[in-house]
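Could you fit the two chains together into a complex? Lean on the hints.
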Amino acid sequence: MWTEATRVAIIGFSVVFITLWILAGSVKVMSYFCKRIEKKGGKKE
Amino acid sequence: MSLEFCHELLSKTGLLHLTIGHIIMWLIGCFFIFLAIKKDFEPLLLVPIGFSIFLVNMPIAPLTGPGDLINLFFKYGLETEIIPCLIFLGIGALTDFGPMIANPKTLLLGASAQLGVYVAFFGSIFFGFTVKEAASIGIIGGADGPTTIYLATSLAPHIIGMVAVAAYSYMSMVPLIQPPIMRLLTTEKERKIRMKQLRPVSRLERIVYPIVATVVISLLTPPAAPLMGLFMIGNLFRECRVVERLLKTSQNELLNLVTIILGIAVGSTMKAEIFLHPQPIFIFILGLVAFAFSTAGGLILAKIMNLFLKEKINPLIGSAGVSAVPMAARVSEKVGLEADPKNHLLMHAMGPNVAGVIGTAVAAGMFLSMLK
Numbered sequence: 001m002w003t004e005a006t007r008v009a010i011i012g013f014s015v016v017f018i019t020l021w022i023l024a025g026s027v028k029v030m031s032y033f034c035k036r037i038e039k040k041g042g043k044k045e
Numbered sequence: 001m002s003l004e005f006c007h008e009l010l011s012k013t014g015l016l017h018l019t020i021g022h023i024i025m026w027l028i029g030c031f032f033i034f035l036a037i038k039k040d041f042e043p044l045l046l047v048p049i050g051f052s053i054f055l056v057n058m059p060i061a062p063l064t065g066p067g068d069l070i071n072l073f074f075k076y077g078l079e080t081e082i083i084p085c086l087i088f089l090g091i092g093a094l095t096d097f098g099p100m101i102a103n104p105k106t107l108l109l110g111a112s113a114q115l116g117v118y119v120a121f122f123g124s125i126f127f128g129f130t131v132k133e134a135a136s137i138g139i140i141g142g143a144d145g146p147t148t149i150y151l152a153t154s155l156a157p158h159i160i161g162m163v164a165v166a167a168y169s170y171m172s173m174v175p176l177i178q179p180p181i182m183r184l185l186t187t188e189k190e191r192k193i194r195m196k197q198l199r200p201v202s203r204l205e206r207i208v209y210p211i212v213a214t215v216v217i218s219l220l221t222p223p224a225a226p227l228m229g230l231f232m233i234g235n236l237f238r239e240c241r242v243v244e245r246l247l248k249t250s251q252n253e254l255l256n257l258v259t260i261i262l263g264i265a266v267g268s269t270m271k272a273e274i275f276l277h278p279q280p281i282f283i284f285i286l287g288l289v290a291f292a293f294s295t296a297g298g299l300i301l302a303k304i305m306n307l308f309l310k311e312k313i314n315p316l317i318g319s320a321g322v323s324a325v326p327m328a329a330r331v332s333e334k335v336g337l338e339a340d341p342k343n344h345l346l347m348h349a350m351g352p353n354v355a356g357v358i359g360t361a362v363a364a365g366m367f368l369s370m371l372k
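One line per chain: the protein sequences are A and B, in this order. Using the working numbering, you'd call the opening residue of the first sequence number 1 and step up by one each time. Using the working numbering, you'd call the opening residue of the second sequence number 1 and step up by one each time.
Next comes chain B alone, as it looks inside the complex (with noise of 0.2 Å):
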């Protein structure tokens, strides 16, 4: 009598329901809170994305079942894709096209450094694949979240805590994974370049930038008009500067509350069963290497440009096309002045950086138009 009351108390206690895939996962999740509190990783995404494995890993809790807590943050924050789009209105506060409205040829540094995308796109099918699996790792590449989670929220949701980690943990890396490459595609003489100061822009020209902007991305690619959108209103608020307290909500309260139902929803979806396979291993793998293709892109297309181009421009510029901003744009500042103390480019590296983030919403906006 007394052993079947232990065990019946024992079963309704987690004890009994618990595997070692679970603890393996408590062990990933105090990884990444590791790396996000002690290698300052991305840790405002680290952090409760690894708290958000180890919290649904703990076995029959119920966090992630219908209706549960966790499970709602994930059904109405991204089933709805409403999370990544209010993240891209947080960021349009936060981003000063002025460096690219200055100089608008760097836009197409932007579209050169997608290349990896579209590399890791078939290096994903080689692997197994889907279309729409291989779509969603591919964007990795673009080095940009939001966007990341948005299109695989769409076509392949079960993977979206594996390419998300991916997609966070490789921009935290940007320091450590561009550098090589840039050097090893880059001569001396080249990353030598010194660019002319970019003109000032004027307020006219940044209040009516969102406007043009949002219509040419809309019309062209009308999928990535939510995330283009709003990233647009934001810009807006910062620019238009008669509403500084939904500037201030913007790129605050908002983009902070978002960030931690984000960060908790993409943990959400870690749990043993789906994680442990070898498929997060060829995640990660392809997510590199569509890093390292995306800076290779914008640098190959710098370099080609300065064969038509009067006024040369430093090709380490290229490499800041990928999204991840503004670190891109750091390491661009960074390996340049290894080459010359004297030689700033972070101003220059700006513009294919924030370029860069539309490209990688277009892109991903035409994956969701040929494959949803």
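So that you can see chain A by itself, here it is in the shape it has in the complex (with noise of 0.2 Å):
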């Protein structure tokens, strides 16, 4: 049971970080160029 308990907190634990670390540089990405796109809008109007 022990084996098992440990191999899911190792693996959840991790997945968590891993998700919102991927999450968080995502966001990043997504912020980028969301600006750039409305940079363009603004030069255009």
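No lab work stands behind these hints, which were simulated from the structure alone. Just so it is clear, CB atoms sit at the ideal spot from N, CA and C, and this is done for glycine as well. Misleading hints may appear alongside valid ones.
As the list claims (entries may be wrong) - Chain A is nowhere near these chain B residues, computed Cβ spacing over 10 Å in every case:
(1) 105
(2) 229
(3) 261
(4) 337
Claimed, not checked - Cross-link-like lysine to any residue pairs, in silico, SDA-like; alpha carbons within 25 Å at most:
(5) 372(B) to 38(A)
(6) 132(B) to 24(A)
(7) 196(B) to 32(A)
(8) 132(B) to 11(A)
(9) 39(A) to 198(B)
(10) 39(B) to 207(B)
(11) 39(A) to 241(B)
(12) 35(A) to 197(B)
(13) 28(A) to 204(B)
(14) 372(B) to 17(A)
(15) 196(B) to 30(A)
(16) 372(B) to 3(A)
(17) 40(A) to 102(B)
(18) 105(B) to 3(A)
(19) 35(A) to 208(B)
(20) 40(A) to 203(B)
(21) 105(B) to 32(A)
(22) 40(A) to 207(B)
(23) 39(A) to 206(B)
(24) 35(A) to 105(B)
(25) 303(B) to 43(A)
(26) 303(B) to 21(A)
(27) 28(A) to 218(B)
(28) 35(A) to 39(B)
(29) 40(A) to 199(B)
(30) 35(A) to 200(B)
(31) 310(B) to 29(A)
(32) 105(B) to 22(A)
Structure follows, in structure tokens:
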């Protein structure tokens, strides 16, 4: 039981960190592109 | 003849079936109602939960048997996992992701504040719970009621009432539990750190965010997709500003309706024959341990991040990584103001706070994918 629990905890906690870390990176990229799109839109106007 | 008649008459009432266990549960139900009304502890949930505990412990009342009213609430609302997901839709419609989009590194604080989930998970196994029960108890540390119910429904439905009540009780006690831990783990100098004002977040970013988040989370943790998907739909309703009616319904009528059914369904699991064992005491102790470690996890990671960051972050915002929104962020603000009356941390703390909701859903999703 302890072996299974350790496996579940290690994988689980790692995935939580990796998911949120990738999400943080995705938000940065998203913000970059959004700003570029808005800049282009502003220039056209 | 008349004695037999009286006995038969009495046996049709609940009086002959009343036990001391039922009376203890009535008192527990009344205690929850008291906490909600007098102490303002999560009244929206503790009032229906408390009354439901009271109601389902009425002997021989046709409430929780197959096809009975409250059994139907439980069967179609919780067992199908519809209600926790609908609650997430409402919460999404109320959530402002702006502070998190402006400062995405706060997402990591939401991840580290899941530490308590895993500490309580091991603690539960130590106390003799099964792995599935331990996961349902550990998730209390995420301080997210709907996620706790969502996970417990799938993995350990027999303890759902206890874990739900423990989660909501501790969520309402965040202002009592967190400050001592925050003061213990931070120095006066750290509590005085001032953070740069957050940049404004454009409407486009706010609209695109729910789509990006759904893609990332659903691809990396598919079992979290039902919760996160509805969370993000609700948020899109809020940010797109073209579905005002849907937004208002999600924020008010829908959320209120499912909260009533959730409270009644959760309370109905707390029957005397299930609840009056040592198990709930352990669950409450482990829930407290989970909360304490989650708070500490967020604070410690913030301190570690400060070793590498040019612009320091106030570690007090780390404790807001437990999901209790917005109470945990308000606690960060309050403890920060005690150290420096001009240092407002509320908006900074909202980032890790909403990140905590995502972190808990991902943690629950991982438990589901590995244990279901």
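Hints versus structure:
no.: 1; hint: 105; result: 6 Å, violated
no.: 2; hint: 229; result: 15 Å, holds
no.: 3; hint: 261; result: 30 Å, holds
no.: 4; hint: 337; result: 28 Å, holds
no.: 5; hint: 372(B) to 38(A); result: 45 Å, violated
no.: 6; hint: 132(B) to 24(A); result: 30 Å, violated
no.: 7; hint: 196(B) to 32(A); result: 20 Å, holds
no.: 8; hint: 132(B) to 11(A); result: 16 Å, holds
no.: 9; hint: 39(A) to 198(B); result: 20 Å, holds
no.: 10; hint: 39(B) to 207(B); result: 38 Å, violated
no.: 11; hint: 39(A) to 241(B); result: 22 Å, holds
no.: 12; hint: 35(A) to 197(B); result: 19 Å, holds
no.: 13; hint: 28(A) to 204(B); result: 14 Å, holds
no.: 14; hint: 372(B) to 17(A); result: 22 Å, holds
no.: 15; hint: 196(B) to 30(A); result: 22 Å, holds
no.: 16; hint: 372(B) to 3(A); result: 17 Å, holds
no.: 17; hint: 40(A) to 102(B); result: 21 Å, holds
no.: 18; hint: 105(B) to 3(A); result: 33 Å, violated
no.: 19; hint: 35(A) to 208(B); result: 12 Å, holds
no.: 20; hint: 40(A) to 203(B); result: 15 Å, holds
no.: 21; hint: 105(B) to 32(A); result: 15 Å, holds
no.: 22; hint: 40(A) to 207(B); result: 18 Å, holds
no.: 23; hint: 39(A) to 206(B); result: 16 Å, holds
no.: 24; hint: 35(A) to 105(B); result: 19 Å, holds
no.: 25; hint: 303(B) to 43(A); result: 42 Å, violated
no.: 26; hint: 303(B) to 21(A); result: 17 Å, holds
no.: 27; hint: 28(A) to 218(B); result: 19 Å, holds
no.: 28; hint: 35(A) to 39(B); result: 47 Å, violated
no.: 29; hint: 40(A) to 199(B); result: 20 Å, holds
no.: 30; hint: 35(A) to 200(B); result: 12 Å, holds
no.: 31; hint: 310(B) to 29(A); result: 21 Å, holds
no.: 32; hint: 105(B) to 22(A); result: 10 Å, holds
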